[in-house]
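Based on these hints, arrange chain B on the given structure of chain A.
Single-letter residue listing:
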Amino acid sequence: MSLSLSKERGKLKGVDKELIRRELSKAVPGLITLLDIYAESKYGTSFIDILLGDLGLAHEVIIKALGHDDLLLKTMLRVITPVTSKKLIDEDISKD
Amino acid sequence: MHNEVTRGRLLGIKEINELVGDVPPNYVILLEGPPGTGKTSFALATVYRNVVERGCKAVYVVLNEDCRKLVSVGRSIGYDLGSLNNSVDIIECPTVSDEYLVDMITEEVSKRILSGYNLVVIDSVTPILKVLGTYSKKRAWLHTVVYKIASAHEVMVILIADTLLKDDPDISLLEYLADVVIEMNYNPKSVFPRWLRIKKFRTRPALPTPIYFTLSSDGIKPINLVSKELVRKVRRRRKEIVIDSPIVKKLLGPSLKPGTQVGIVIKEPATGLGYFHQYLVLKLALEALTRGVRVGIAYYGSSRKHVLKEEEVASKLLRDKLTIVQVDFTGRQIPHHLVKDIDKPEDIDVLIVTGYEKLTEFYGIEEVNRMIATYHETDSSLGVITFRIYRISPHTPQAPSSIYSMSDVVIEVTLNEERGCFNLRVVKGAHARRPITILDTELEPAVMELRRKLEELVGFEVLPRGV
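Heads up: the protein sequence lines correspond to chains A and B, in order.
Under this note's numbering, the first residue of the first sequence is numbered 285, with each subsequent residue one higher.
Under this note's numbering, the first residue of the second sequence is numbered 104, with each subsequent residue one higher.
Note that these hints are calculated values from the structure, not bench results.
Just so you know, these numbers come straight off a predicted model, no measurement behind them.
Yeah, the Cβ is synthetic: ideal placement off N, Cα and C, and Gly gets one too.
Where hints are given, some of them may not hold.
Claimed, not checked - Here are a few chain B residues that face chain A, going by a calculated C-beta distance under 8 Å:
#1 V205
#2 D206
#3 T209
#4 K214
#5 Y238
#6 K240
#7 A243
#8 T247
#9 V248
#10 K251
#11 I252
#12 P538
#13 I539
So here's chain A without its partners, still in its complex pose (with noise of 0.2 Å):
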């Protein structure tokens, strides 16, 4: 799978996972509540928690759930990108 995104942004610490949790909602609704009921059941943490922290499972997790799908991994990641984004610039902001 070839997703372009950074390093740093796979490995977000502190994110405002509500925040992404509602983006995601509001892209598709009801599509995170199911991830997230699968992540639990077969992983014991949520999709949110795998997604901001090892993108080649969240792509196992979706793939379980609904099927063959990379463009559904590929939408979120645009969907949260402004969120995530904001975050490292924060982060960028509060360093300086």
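Below, chain B alone, put in the same frame as chain A:
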């Protein structure tokens, strides 16, 4: 209960599956129609059949009503979900006004799918779509969540949608997405008030012809679809009725083969069939006593019809082999199936139906035409010999064309004023190349002969002389 979850899924009416086959296990089915058209009943029937016959586990999401009411509705039409142990889980969703509803339903359904449930019903999807608001959100939820989960986990999803508006964009969206679209309707002014049609069936031809059905404590029964299995079963034991009177042969031909349809039109001012009616009842009584033929006599009408002396006698003689019913349809909305339920139609070998003109007064000639044409078809395929008697009156001056076009034999009855009896005129029949007219009084010897045979058989006088 079978453990056959890997096989295709079933729909609520067996005869439809005979036509279209099993439904692939990962299909999304849309049941659409105005409120009160039988969508929930069809969904309950579908759940019941899949659990009992295919070993499925079902989750039924109720948004519009109380789950106890759903169970009791199911029980009243023969689909007792309570009897299915732990195979059906009913989720009653509270009414909430925003997207929490979507999350709640998605969560509850997903959990069950992961634990092995493979049939989901959402009754109804309409409030969910209203909550979602925009077209893009509706489409995203339906496609990315509902459709995908059905495909990935081999779950059949039944979405029930209320068509509250004409050209509802939500319905168009659902139709676009669903693999199977079943439209359901209800028209209380029709003789067949409930019907459905399959508007779409992915990879297979749709069934645009309406399938009329009834809802009773025996479940959903199609009117104009007959199970091939049932046809094979009943056709084997049907009997031909041989006509041994030369004069009656002129009217009906040498024999009545299973499935023969006879139309009789009584034209005003004639009032009945005279000796012909007596001949029919006595002949059928004899057939019933000697050969086990089962006879049904049905009258449509709002008041108790005077039963002929012959019919009274026949009903005493034959008991369980003869059923006479009076269908007071004016107080009911579905008169048609009552005659079919005289017993099960497959158990009746010969059926005499009168009083169609009363139905015409009530429903109009077009409806009765449709009814006769439909029953002609099912009775022919089931091998029921049927006599349909239509009396022309000042209120119903015209006989339904289907009596003429679809019957194998058509007899018109007129009054012969000179002779003071009825003329019986065969206007259609393979045995009568050209119209034949006989006087009903010519049948008297045949009636007497039948009466004598019956009396010999039962050992007493079946009717006083001169009746």
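Against the structure, the hints come out as follows:
Satisfaction of the interface hint for V205/B is found here, the shortest Cβ-Cβ separation to chain A being roughly 5 Å, below the 8 Å cut-off. A hinted interface residue such as D206/B counts as satisfied when its beta carbon comes closer than 8 Å to some beta carbon of chain A; here the least separation is about 4 Å, so the hint holds. Because the smallest distance between the Cβ of T209/B and any Cβ of chain A comes to about 4 Å, under 8 Å, the interface hint for this residue holds. The beta carbon of K214/B is positioned within 8 Å of a beta carbon in chain A (closest approach about 6 Å), and the interface hint is therefore held.
About 13 Å separates the beta-carbon of Y238/B from the nearest beta-carbon of chain A, more than 8 Å, and the hint is not met. Hint on K240/B holds. Least Cβ distance to chain A is approximately 5 Å, under the 8 Å limit. For A243/B, the interface hint holds, the least distance from its beta-carbon to any beta-carbon of chain A being 4 Å, beneath 8 Å. Because the smallest distance between the Cβ of T247/B and any Cβ of chain A comes to about 5 Å, under 8 Å, the interface hint for this residue holds.
The interface hint given for V248/B is met, as the beta carbon of that residue sits about 5 Å from the closest beta carbon of chain A, less than 8 Å. For K251/B, the shortest C-beta to C-beta distance to chain A is roughly 4 Å, which falls under 8 Å, so the interface hint holds. With a cut of 8 Å, the hint placing I252/B at the interface with chain A holds, because the nearest CB-to-CB distance is about 6 Å. For P538/B, the shortest C-beta to C-beta distance to chain A is roughly 69 Å, which exceeds 8 Å, and the interface hint is violated.
Given the 8 Å rule on beta carbons, the hint for I539/B is violated: about 71 Å separates it from the nearest Cβ of chain A.
Checked against the numbered hints above, the structure violates hints 5, 12 and 13; every other hint is satisfied.
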